[in-house]
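Undergrad: Here is how the chains run, residue by residue.
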Amino acid sequence: MNQPPSYQLLEQDPPQLQLTGNWRFIDGIPAIEELFDQLQQREMTGSLQLRGGNLGAWDSGLLTFLLKLLQWARDHSIFVDCSDLPEGVCRLLHLAGAVPPQPGRRRRRRSDPILTRIGNVTLELHQTWQDALRFIGESVLCSGNLLRGRPRFRFKDLLELLEDCGAQALPIVTLISLLVGMILAFVGAVQLRMFGADIFVADLVGLGMAREMAPMMTAVIMAGRTGAAFAAQLGTMQVNEEIDALITMGIPPMDFLVAPRMLALMTMLPLLCIYSMFMGILGGGLVSAAMLDINLTPFFLRIQENVGLQHFVIGVVKATVFGVIVALSGCLRGLQCGRSAQAVGQAATSAVVTGIVLVVVADAVITILCQVLGV
Amino acid sequence: MDTSPQISVSGLTMAYGDRVIQQDLTFTVRRGEIFVIMGGSGCGKSTLLRHMIGLKKPRSGTICYNGLDFWQQSPSRKRHIMRNWGILFQGGALWSSMTLAENIAVPLKEYTDLSAGQIRDVIDLKLALVGLAGFQNYYPSELSGGMRKRAGLARAMALDPEILFCDEPTSGLDPVSARRLDQLILELRDSLGATVVVVSHDLASIYTIAGNGLFLDGEAGTMLAAGTPQQMLDAGNLKVGEFLTRGRDIEPLS
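Order-wise, the sequence lines are chains A and B. Each residue of the first sequence is one higher than the one before, counting from 1 in UniProt numbering. Each residue of the second sequence is one higher than the one before, counting from 1 in UniProt numbering.
I should point out that these hints are in silico values taken from the structure, not numbers from a laboratory. These numbers come from a predicted model, not from an experiment. Incorrect hints may have been included.
Using 30 Å as the maximum straight-line C-alpha spacing, the simulated DSBU-like pairs for lysine-lysine come out as follows [said to hold, decoys possible]:
1) Lys239(B) x Lys57(B)
2) Lys156(A) x Lys239(B)
3) Lys109(B) x Lys78(B)
4) Lys156(A) x Lys109(B)
5) Lys239(B) x Lys109(B)
Produce the entire structure from the sequences given, and follow the hints as far as they go.
TA: In structure tokens:
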């Protein structure tokens, strides 16, 4: 039998709905609205008998059709007799109706009105600020423990973190810093050559790398590399209840998990920054040698004469501040992480975004301060 | 044996935001008994445990340990109360970056002045008690689910706790491993005299270990019965009866 699905409402007492043909999705299930119209026109009351004698193959398509019909019949207080349908269909319909939806459990898919959404976002922002401030306060308190020489983390963890944040980041810092130095020199060379001021490329590269580019680029690299890793590590610990285990043992996660990470980045980021400064200057020197015929020796001598130590110190101070920011952003997002795989991903992404935004803001503030102080 | 009340929960209401999970829970856990919190999936068993172990503050009501209202205590006093707990989380919650020995050493270093050698001895003892002797230098990722739970139990017992909380200790284990873990919990209760609070919906486990317990119902949002499993059955509540006999599928084990 290869008949398309169809139904016919038979005038009997009680009325009967005759189902004929193959009722599978592949055969195209008829729209039920037309049947509802027919039933309403007849002002149906009492009961409706379903006839399945001519029914061929069927699948979930038939069941979805019948479930809608049963729901409509329930709403209109009509009893539906399914006894003539194949046994499998009856059993599945019974199973589908065995656990009725609990009142109040169904979630609205509709989005909230705009004012409700604005309110919710405002409350969320307020909560986020509160959490961030509490976290900063707690991190200050745990810094106190560090300063008093009473760390509550394992020294072995700190060493591993130092290695991870320092030595293992060297290749990527080398590559990015060399390229940034080369780009600075290249852009400067094109412009300065027009005025015959080729040698000033050294000043540009030296100053640019020392004050701005080295701390900023190192911080961005560490936010993407280490900040995200911190958030993912702590987020996974949250999912696996490892942080709960710490809390219930009376060991504050701030002391045990956040403090060593903060200390590691605060130590390693300035060192990486110094390394990045020299790599950037080397990159600039190479471009100058290739494009402007300025050898490396005069290039370095020029920087030595014209870029004072204070510029390098400012860069290192910035890098220290950025280190704290990147570590705290990563740890905050990790500890705020929900208890699902998706939440861990969001925590990592959020850590990178928060870290980079705060680093740029902090850079602007420090630059303005330096300007005001005349450094 | 002292059987005075050790944990007293009174009028406890738990909620996530506006959604009330359970309300008006009142029960007492006596010293040295195994108290099972049971109920269907999603009814709030683990949430109740999280409230009892200080991870979540109740909406209202009190949780008292030896007569002291936990949530009214100062942080240092809370820490002192928590010092007497051992907690076995559902997945073991072992710190994945540490070996089993290091996991067990953390609470020992935090709360005791034992020497490195003594700590090593305690670690060896606790791992031997849970049948994991020789696994000191294994990482959690190198162990099976059942072994991780046993290692979690070893860490929970590190400080010889007065109260042992176990969140679904047998879930995800094969029947033989589950039975071994039940036996282990019974032995620990008998040998250490610890009070054990277990969250479970594993019937075999409930009938094996439960002294007293309570039944939470997600739809009613409160407890439907309390007492021994037999007392709960005899109380005649349909839902409790259906749960404890798996829908009349099985007869309760004696």
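Undergrad: Compare the structure with each hint and give your call.
TA: Results for each hint:
1. Lys239(B) x Lys57(B): 29 Å, holds
2. Lys156(A) x Lys239(B): Roughly 53 Å between the alpha carbons, so the hint for Lys156(A) and Lys239(B) is violated.
3. Lys109(B) x Lys78(B): 19 Å, holds
4. Lys156(A) x Lys109(B): 14 Å, holds
5. Lys239(B) x Lys109(B): Between Lys239(B) and Lys109(B) the Cα gap is close to 47 Å, so the pair fails against 30 Å, i.e. violated.
In this structure, the earlier hints numbered 2 and 5 are contradicted, and the remaining ones agree with it.
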